[in-house]
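**Q** Residue numbers (our numbering), protein chains in the order written: chain A, 69 to 141; chain B, 2 to 347.
Take the hints with a grain of salt, since some may be wrong.
List time: in silico EDC-like cross-link candidates among lysine to aspartate or glutamate, alpha-carbon distance up to 16 Å [to be verified]:
1) LYS129(A) x GLU259(B)
2) LYS79(A) x GLU319(B)
3) LYS76(A) x GLU336(B)
4) LYS100(A) x ASP240(B)
5) LYS229(B) x GLU248(B)
6) LYS343(B) x GLU319(B)
7) LYS114(A) x GLU74(A)
8) LYS241(B) x ASP93(A)
9) LYS228(B) x ASP121(A)
10) LYS343(B) x ASP305(B)
11) LYS249(B) x GLU211(B)
Derived Cβ-Cβ restraints for the label pairs, each shown as a range [what the hints assert, rightly or not]:
12) GLU259(B) x LYS90(A): 44 to 54 Å
13) GLU211(B) x LYS90(A): 37 to 47 Å
14) VAL77(A) x LYS99(B): 51 to 61 Å
15) ASN158(B) x LYS114(A): 27 to 37 Å
16) ASP76(B) x GLU133(A): 36 to 46 Å
17) TYR80(A) x ASP196(B): 42 to 52 Å
18) GLU133(A) x GLY342(B): 40 to 50 Å
19) ALA65(B) x PRO70(A): 56 to 66 Å
20) GLN155(B) x ALA73(A): 34 to 44 Å
21) TYR80(A) x ASP76(B): 53 to 63 Å
22) GLU256(B) x ARG84(A): 50 to 60 Å
23) GLN323(B) x ARG125(A): 53 to 63 Å
Derived list of chain A stretches under chain B, where covered just means 3 residues or more per stretch with a C-beta under 8 Å from a C-beta of chain B [unchecked claim]:
24) 75–81
25) 84–97
26) 104–115
27) 124–133
Hints in this document: simulated from the structure, not taken from any laboratory.
From the three backbone atoms N, C-alpha and C, an ideal C-beta is built for every residue, glycine too.
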Amino acid sequence: MPVSAELKVLKYLQERVNKATKEFDGRPAEQKVGDGAVATTEGLSKKQGRVRDLMRRLAVKLGKENESEGDGK
Amino acid sequence: MSASPFRTVLAVSVLLGLAFGQEEGQAPAAGQEPPRVQEVKNPFRPFDRARFETAAKKLGATDAQMQAFAAQVADVGLARAADDLLRAAVPAFDAAVKRHEATDPVAALELAKVLASTTDPLLQSHVRYHMARVFLDSDDPERSIQVLNEYLTQNINHSPLDAEAAFFYAQSLAEMPLPDDAIPRFRAFLQWFPDASERFRSSAHQQIRELERQRESRLHKLADGMKKTTRDLKKQKTDKPVQLDQEKYIEELQELIEMYEEMEKQSGGPPSGNGPSSNPATQSALPEGEGKVGDLQKRPTLADRWGDMKDRDREKIEAAVQKGLPPQYQKMLEEYYRKLGKASGK
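Sequences are here, hints too, so could you generate the full structure?
**A** Written as structure tokens, this is what we have:
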């Protein structure tokens with residue numbers, strides 16, 4: 069898969085996290101407390117963490133490709 | 002006064018468009034975003050030696066100088082031999098280049114005078130090449146880009162220096178630093194000039210790797226930022242600052258997508274040029290005689306020399322800049338010497 073396509077997937081996932089973060093933040097104050105609210109923000113954190121892991125994996129992959137290009141020269 | 006970063010990038014974007022095959026008539030209107038380079042077309046044609054020799058004679062090269070050129074080609078390569086021929090044929094040009102070789106700050110002024118005095122595209126190409134080298138040696142890549150852009154839009158296909166002009170254009174972008182613009186230009190150099198000197202090709206490969214590493218680190222930085230946001234969200238922080246961070250990731254991802262799309266378009270055409278030379282060196286040693294034109298070492302001492310000069314000598318150069326030069330070179334040199342002065346503390 070081209071790098072640009074992988075980045076588009078990451079952008080799409082990040083946009084979803086952003087939208088969910090805004091939705092949660094826009095809720096009335098009483099809906100942002102309690103176990104339900106904690107579960108929602110933990111879910112958001114996990115989704116953000118997933119995007120971060122994929123980003124890191126892509127950075128590492130590109131780094132390895134660059135190194136092997138250099139070795140193969 | 003130096004140009005703002007925005008103006009610099011805007012100017013460079015326009016220059017890149019012109020330098021890589023965009024029609025002049027397609028230049029963006031004032032206030033319009035310049036178009037990104039979508040497709041890089043090779044504007045260079047194979048070197049026409051007969052045409053070069055005719056042009057050199059027109060500039061005053063004698064039969065003896067032409068014979069010396071022919072004898073020199075095999076030893077030092079076309080670029081060096083051609084440059085030496087023009088230096089022999091045009092004494093004022095030779096004197097200006099000697100000033101550069103002697104790390105004399107007046108070199109830029111002397112080269113500008115030669116440039117202002119000629120309409121010959123061959124001589125212009127060699128003068129502009131040397132001016133760009135002077136600017137690069139003075140840690141002034143912005144003006145090097147400016148003068149090489151003139152070379153690439155007005156003077157290509159006249160001299161065997163084209164390959165090196167293309168290399169130093171990419172080098173200047175890298176030193177700006179505009180790595181996202183420099184990488185495709187280094188790749189274009191490798192693709193379009195498979196027979197270029199191995200020292201330039203090796204340097205281009207090396208710089209691409211280094212610039213790629215910098216870009217990879219941009220992805221790591223993005224991941225680092227996301228790590229912080231992950232923690233924020235876990236702490237139930239979902240307010241504006243967190244949302245702004247998330248918006249920044251989207252913007253950064255969009256920039257990276259555009260950058261990679263451009264690179265993928267370029268590598269999707271003919272061979273990427275990232276492979277070995279089609280004309281590899283038979284020895285690992287640098288070819289003899291290329292040292293002057295192909296010297297990749299920076300010589301920051303031009304600023305030192307400017308600082309070491311007597312006040313009256315500096316004033317003499319500054320006054321000469323104001324006399325007899327076309328306005329664009331006058332402005333270019335005013336900015337150059339001002340920058341040199343800042344670097345030297347004068």
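**Q** Each hint: holds or not?
**A** For each hint, the structure was consulted:
| no. | hint | result |
| --- | --- | --- |
| 1 | LYS129(A) x GLU259(B) | violated (19 Å) |
| 2 | LYS79(A) x GLU319(B) | violated (53 Å) |
| 3 | LYS76(A) x GLU336(B) | violated (42 Å) |
| 4 | LYS100(A) x ASP240(B) | holds (12 Å) |
| 5 | LYS229(B) x GLU248(B) | holds (14 Å) |
| 6 | LYS343(B) x GLU319(B) | holds (14 Å) |
| 7 | LYS114(A) x GLU74(A) | violated (20 Å) |
| 8 | LYS241(B) x ASP93(A) | holds (9 Å) |
| 9 | LYS228(B) x ASP121(A) | holds (9 Å) |
| 10 | LYS343(B) x ASP305(B) | holds (11 Å) |
| 11 | LYS249(B) x GLU211(B) | violated (25 Å) |
| 12 | GLU259(B) x LYS90(A): 44 to 54 Å | violated (25 Å) |
| 13 | GLU211(B) x LYS90(A): 37 to 47 Å | holds (39 Å) |
| 14 | VAL77(A) x LYS99(B): 51 to 61 Å | holds (58 Å) |
| 15 | ASN158(B) x LYS114(A): 27 to 37 Å | violated (59 Å) |
| 16 | ASP76(B) x GLU133(A): 36 to 46 Å | holds (40 Å) |
| 17 | TYR80(A) x ASP196(B): 42 to 52 Å | holds (45 Å) |
| 18 | GLU133(A) x GLY342(B): 40 to 50 Å | holds (44 Å) |
| 19 | ALA65(B) x PRO70(A): 56 to 66 Å | holds (57 Å) |
| 20 | GLN155(B) x ALA73(A): 34 to 44 Å | holds (40 Å) |
| 21 | TYR80(A) x ASP76(B): 53 to 63 Å | holds (59 Å) |
| 22 | GLU256(B) x ARG84(A): 50 to 60 Å | violated (20 Å) |
| 23 | GLN323(B) x ARG125(A): 53 to 63 Å | holds (59 Å) |
| 24 | 75–81 | holds (count 4) |
| 25 | 84–97 | holds (count 6) |
| 26 | 104–115 | holds (count 6) |
| 27 | 124–133 | holds (count 5) |
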